[in-house]
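Protein chains: 2
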Amino acid sequence: MGQEIEKKFLLKNENWRNLAQGKKYCQGYLSTEKGRTVRVRIIGERGFFTVKGPSEGETRLEFEYEIPVSEANEILEKLCHKPLIQKTRYKIPFEGFTWEVDEFEGENKGLVFAEIELQHEGETFAVPEWIDREVTDDPRYYNANLVTNPFCKW
Amino acid sequence: MGQEIEKKFLLKNENWRNLAQGKKYCQGYLSTEKGRTVRVRIIGERGFFTVKGPSEGETRLEFEYEIPVSEANEILEKLCHKPLIQKTRYKIPFEGFTWEVDEFEGENKGLVFAEIELQHEGETFAVPEWIDREVTDDPRYYNANLVTNPFCKW
Numbered sequence: 001m002g003q004e005i006e007k008k009f010l011l012k013n014e015n016w017r018n019l020a021q022g023k024k025y026c027q028g029y030l031s032t033e034k035g036r037t038v039r040v041r042i043i044g045e046r047g048f049f050t051v052k053g054p055s056e057g058e059t060r061l062e063f064e065y066e067i068p069v070s071e072a073n074e075i076l077e078k079l080c081h082k083p084l085i086q087k088t089r090y091k092i093p094f095e096g097f098t099w100e101v102d103e104f105e106g107e108n109k110g111l112v113f114a115e116i117e118l119q120h121e122g123e124t125f126a127v128p129e130w131i132d133r134e135v136t137d138d139p140r141y142y143n144a145n146l147v148t149n150p151f152c153k154w
Numbered sequence: 001m002g003q004e005i006e007k008k009f010l011l012k013n014e015n016w017r018n019l020a021q022g023k024k025y026c027q028g029y030l031s032t033e034k035g036r037t038v039r040v041r042i043i044g045e046r047g048f049f050t051v052k053g054p055s056e057g058e059t060r061l062e063f064e065y066e067i068p069v070s071e072a073n074e075i076l077e078k079l080c081h082k083p084l085i086q087k088t089r090y091k092i093p094f095e096g097f098t099w100e101v102d103e104f105e106g107e108n109k110g111l112v113f114a115e116i117e118l119q120h121e122g123e124t125f126a127v128p129e130w131i132d133r134e135v136t137d138d139p140r141y142y143n144a145n146l147v148t149n150p151f152c153k154w
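These protein sequences, in sequence, are chains X and W.
Okay, so the first sequence: first residue is 1 according to UniProt numbering, each after it adds one.
Okay, so the second sequence: first residue is 1 according to UniProt numbering, each after it adds one.
Chain X on its own, in the form it takes in the complex:
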């Protein structure tokens, strides 16, 4: 178990793009209820099952378990809400922190944002020049909400 403290930002330019190699993510949701999100995710050849609690400011309870990728695939295809979320994630180190830039595909094509995970609320961090304004509090950017309200409908 853990607590997730995440901040989300838009991007100012394309200067992040050559700083890391991207990895394909495919994920879907069994529940997008407020306060109990249940996600299944495939990263490369590995499957994961994740439960997230309600967002309280930047903090969220999170439980993650690895599961066989074949079963992750079957749950995604047969049981998760559609459309599935397809994205490429770029992990970019910057002054002691890792910025994760997600570039979406499918019905969310055109959407790109960055996340940084903190150890505790209020922790300070340096901001790369390619980072734009913060959107942590905007629920449209929650991945779970990108299923029901994808970027192409914004």
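These are computed hints drawn from the structure, not numbers from a lab.
Each hint should be verified, as a subset may be incorrect.
If chains are identical, the list can't say which one is meant, so a pair holds when it fits in one copy or spans any two.
Stated by the list, open to error - Computed cross-link-like contacts, DSSO-like style, restricted to lysine-lysine with a CA-CA straight-line distance of at most 27 angstroms:
1) Lys78 to Lys7
2) Lys78 to Lys12
3) Lys34 to Lys82
4) Lys12 to Lys82
5) Lys78 to Lys91
6) Lys12 to Lys34
7) Lys34 to Lys78
8) Lys8 to Lys78
9) Lys153 to Lys109
Take the given structure of chain X and dock chain W to it, following the hints.
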């Protein structure tokens, strides 16, 4: 992954009661959406995470994973829908099959029913004399529905 084929029955009398020792189960649901039930369960000192697909007749897709009992407990307390389901399960062997009798507590106190799991639809099995009519098709008896519509309200 697996497919679950289950039949559910009411009980005619108390003759099942001394045929097995019961074990305490505590379980809750992160999602009770039709077609994608997500359950967390503690049996004794072990925790489990289970995803079930839609019921199609007696058959249901089912995926189950063991998780640390302390995390199961935290998910049950903090994230699952209330009330949690508390029951004692008695596993009773009878002519090559195992009958599971569930005796509920809390808001479902007074409710008792038996389940038998089959290998394939249409498989034949012997019926103990303490088994009454079948209720497989009555959704009130789904454990997930006993959260929102417990036995005390029937």
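Hints, one by one, checked against the model:
When the C-alpha separation of Lys78 and Lys7 is checked against a cutoff of 27 angstroms, the pair qualifies only between copies, where the shortest distance is 23 angstroms, while the shortest distance within a copy is 32 angstroms. Within a single copy, Lys78 and Lys12 get their C-alpha atoms no closer than 38 angstroms, and across copies no closer than 38 angstroms, so neither meets the 27 angstroms cut-off. For a Cα distance limit of 27 angstroms, the shortest separation of Lys34 from Lys82 qualifies both inside one copy, at 18 angstroms, and across copies, at 15 angstroms. In the homo-oligomer, the alpha carbons of Lys12 and Lys82 never lie at most 27 angstroms apart, since the shortest distance is 30 angstroms inside one protomer and 44 angstroms across protomers.
Proximity of Lys78 and Lys91 under a CA criterion of 27 angstroms is satisfied in neither setting, with 30 angstroms inside one chain copy and 31 angstroms between copies. With identical chains, the CA atoms of Lys12 and Lys34 are never at most 27 angstroms apart, being 30 angstroms at best within one copy and 42 angstroms at best between copies. In the homo-oligomer, the alpha carbons of Lys34 and Lys78 lie at most 27 angstroms apart both inside one protomer (23 angstroms) and across protomers (13 angstroms), since each shortest distance falls under that limit. Proximity of Lys8 to Lys78 under the C-alpha cut-off of 27 angstroms is restricted to the inter-copy arrangement: shortest distance 25 angstroms between copies versus 30 angstroms within a copy.
Within a single copy, Lys153 and Lys109 get their C-alpha atoms as close as 11 angstroms, which meets the 27 angstroms cut-off; across copies the closest is 48 angstroms, which misses it.
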